[in-house]
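Could you put the whole structure together from the sequences, leaning on the hints where they help?
In our numbering, the protein residues as written are 3 to 296.
Hints listed in this document are in silico derivations from the structure and should not be mistaken for laboratory results. These figures come from a predicted structure and were not determined experimentally. A couple of the hints might just be wrong.
Only pairs whose alpha carbons sit at most 20 Å apart, straight line, appear in this in silico DMTMM-like list of lysine to aspartate or glutamate [to be verified]:
| # | residue 1 | residue 2 |
| --- | --- | --- |
| 1 | 224 | 157 |
| 2 | 263 | 157 |
| 3 | 296 | 157 |
| 4 | 274 | 147 |
| 5 | 263 | 275 |
| 6 | 142 | 105 |
| 7 | 142 | 160 |
| 8 | 225 | 267 |
| 9 | 225 | 69 |
| 10 | 225 | 147 |
| 11 | 225 | 266 |
| 12 | 247 | 186 |
| 13 | 142 | 275 |
| 14 | 119 | 186 |
| 15 | 224 | 147 |
| 16 | 224 | 212 |
| 17 | 225 | 162 |
| 18 | 274 | 186 |
| 19 | 134 | 105 |
| 20 | 263 | 147 |
| 21 | 225 | 160 |
| 22 | 134 | 162 |
| 23 | 225 | 157 |
| 24 | 134 | 160 |
| 25 | 224 | 186 |
| 26 | 265 | 186 |
Have a look at the derived ranges for each label pair, beta carbon to beta carbon [stated by the list, open to error]:
| # | residue 1 | residue 2 | range |
| --- | --- | --- | --- |
| 27 | 267 | 210 | 15 to 25 Å |
| 28 | 178 | 135 | 33 to 43 Å |
| 29 | 145 | 225 | 17 to 27 Å |
| 30 | 195 | 126 | 16 to 26 Å |
| 31 | 285 | 213 | 35 to 45 Å |
| 32 | 112 | 267 | 31 to 41 Å |
| 33 | 207 | 181 | 51 to 61 Å |
| 34 | 214 | 169 | 38 to 48 Å |
| 35 | 175 | 224 | 46 to 56 Å |
| 36 | 216 | 136 | 28 to 38 Å |
| 37 | 173 | 224 | 44 to 54 Å |
| 38 | 126 | 156 | 25 to 35 Å |
For each residue, glycine too, the CB sits at the ideal point set by N, CA and C.
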Amino acid sequence: MLDVKLQLLDSKLELLDTKIKLWEAKPKELDLRLNELGNKISSMDIDPQLITQKLNEIDSLLKIRQESEQNIMLEPQVIYEPEPVFMYNYKSAIMMDPARLLEGTLQISYERILSTKFSLNVAGLATYSTTKGISHYYFKNQSFEYFNLASNSYESYEGEVMAGGGIIAQLRNYLLAGHSKWREAPLGLYAAPQLMYRRMSITGYYQEMEEIEPGQFELVDKKIIQHLNIYAGGVILGLKIPILKALTVDVFAGGNIKLSKYKDDDGFTKYKDWFNIDFSGVSPVAGISIGILK
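Shown next as structure tokens:
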């Protein structure tokens, strides 16, 4: 057993001696490596001062960039927002037909929307037309007649004044509703059935041969007052255009079936010119109205 232990001890000593030799060889190998690296650095054409200068320049550029970024962050940012576009939501319109003034009639209408597609338009008419003033031409082109019971025929007379009032009702259907904001009620292209009623009083005079004294006759002026009822129904097509966001122009045209009847007559008038106020038949309708949007 002693011999075995001695052999093991010899083996351990040999291993220790081998490790010591390796440790002694390591520094020599490290010196060789360092010498090789030094030779390679020496063989390279590099100026250490130039490298240091370049590194300093890079550091200065980085500092300038950092300072400029800080200045940009500190400057107040101005954000320009686009001007808001206001979409007007109109609910009604008040209109006037200036062409009616040439007839001596003031026509004012009020339109109220029922939905984006439909609206109700009601117009009031007030007439006072004479041989003078703005309605002179229209009045002079009227032909007035009355039924003479004595002769059982119609006879003409000279008119002096036409006065009265009326109402027009329309249910407007805006045909392009939904395609654009400016095409919804009460703006855009529309079609509308309409009903009209007017009550007119026509005052004038005619001359009649009258016996002033026994056997003596003379032409005497006689005053006459006729009451005229006018009924009409038809269809129109129109276009309402906005102007300056508060005004509007309405251009329309169409046709009516018109029926006129004097109070004391049995039926509607016949054989009248369509320009006459007491015309009965199919007549055209056209006009231009201007007004404000609300």
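Checked hints:
Among the hinted pairs, residue 224 with residue 157 is consistent with the structure: their alpha-carbon atoms are about 13 Å apart, no more than 20 Å. Distance hint between residue 263 and residue 157 is fulfilled; the C-alpha atoms sit about 16 Å from each other, no more than 20 Å. For the proposed pair residue 296 and residue 157, the alpha carbon gap of about 50 Å is over 20 Å, so the pair is violated. For the given pair, residue 274 sits about 10 Å from residue 147 by alpha-carbon distance, which is consistent with the 20 Å threshold.
As the CA atoms of residue 263 and residue 275 are separated by approximately 15 Å, the hinted pair is consistent with the 20 Å bound. Under the criterion of a C-alpha separation no larger than 20 Å, the hint pairing residue 142 with residue 105 is consistent with the structure, at around 11 Å. At roughly 10 Å between alpha-carbon atoms, residue 142 and residue 160 fall within 20 Å of each other, so this suggested pair holds. Proposed proximity of residue 225 and residue 267 is supported: the alpha carbons are some 18 Å apart, at most 20 Å.
Pair hint residue 225 plus residue 69 does not hold up; C-alpha atoms about 103 Å apart against a cutoff of 20 Å. A distance of roughly 13 Å separates the Cα atoms of residue 225 and residue 147; the hinted pair therefore holds under the 20 Å criterion. Of the supplied pair hints, the one linking residue 225 and residue 266 holds, its CA atoms being roughly 16 Å apart against a limit of 20 Å. The suggested pairing of residue 247 with residue 186 holds, with an alpha-carbon distance near 14 Å, which does not exceed 20 Å.
For the given pair, residue 142 sits about 14 Å from residue 275 by alpha-carbon distance, which is consistent with the 20 Å threshold. Among the hinted pairs, residue 119 with residue 186 is consistent with the structure: their alpha-carbon atoms are about 6 Å apart, no more than 20 Å. For a cut-off of 20 Å, the pair hint linking residue 224 to residue 147 stands: about 14 Å separates their Cα positions. Between residue 224 and residue 212 the CA atoms are separated by roughly 10 Å; this keeps the pair inside 20 Å, and the hint holds.
Between the alpha carbons of residue 225 and residue 162 the distance comes to roughly 10 Å, so the proposed pair stays at or under 20 Å and holds. Of the supplied pair hints, the one linking residue 274 and residue 186 is violated, its CA atoms being roughly 41 Å apart against a limit of 20 Å. Pair hint residue 134 plus residue 105 holds up; C-alpha atoms about 11 Å apart against a cutoff of 20 Å. For the hint pairing residue 263 with residue 147, the CA-to-CA distance comes to about 12 Å; that is within 20 Å, so the pair holds.
With a C-alpha separation of about 10 Å, the suggested pair residue 225 and residue 160 falls inside the 20 Å cut-off, and the hint holds. For a cut-off of 20 Å, the pair hint linking residue 134 to residue 162 stands: about 9 Å separates their Cα positions. In summary, the hint linking residue 225 to residue 157 is supported, as the alpha carbons are separated by about 14 Å, within the 20 Å threshold. Proximity of residue 134 to residue 160 is assessed by CA-CA distance (about 14 Å); at most 20 Å being required, the pair is judged to hold.
Note on residue 224 and residue 186: the hinted pairing is violated, with a Cα-Cα distance of about 56 Å set against a maximum of 20 Å. Distance hint between residue 265 and residue 186 is unfulfilled; the C-alpha atoms sit about 43 Å from each other, more than 20 Å. Judged by the Cβ atoms, the range 15 to 25 Å given for residue 267 and residue 210 holds: they are separated by roughly 20 Å. For the pair residue 178 and residue 135, the supplied restraint of 33 to 43 Å holds, since their beta-carbon distance comes to about 41 Å.
At about 19 Å, the CB distance of residue 145 to residue 225 agrees with the hint of 17 to 27 Å. A beta carbon spacing of about 19 Å between residue 195 and residue 126 agrees with the range 16 to 26 Å that was offered as a hint. Remark: the range hint 35 to 45 Å for residue 285 to residue 213 is upheld by a beta-carbon distance near 44 Å. Checked against the given bound of 31 to 41 Å, the beta carbons of residue 112 and residue 267, roughly 34 Å apart, stay inside it.
Evaluation of the 51 to 61 Å hint for residue 207 and residue 181 yields a pass: the beta carbon distance comes to about 58 Å. Separated by about 46 Å at the C-beta atoms, residue 214 and residue 169 satisfy the suggested range of 38 to 48 Å. For residue 175 and residue 224, the Cβ-Cβ distance of about 50 Å falls inside the hinted range of 46 to 56 Å, so the restraint holds. The hinted window of 28 to 38 Å between residue 216 and residue 136 is violated, with their beta carbons roughly 48 Å apart.
The supplied range of 44 to 54 Å is met by residue 173 and residue 224, whose beta-carbon atoms lie about 45 Å from each other. In this structure the hint that residue 126 and residue 156 lie 25 to 35 Å apart at CB holds, the actual value being about 32 Å.
When each numbered hint is compared with the structure, violations occur for hints 3, 9, 18, 25, 26 and 36.
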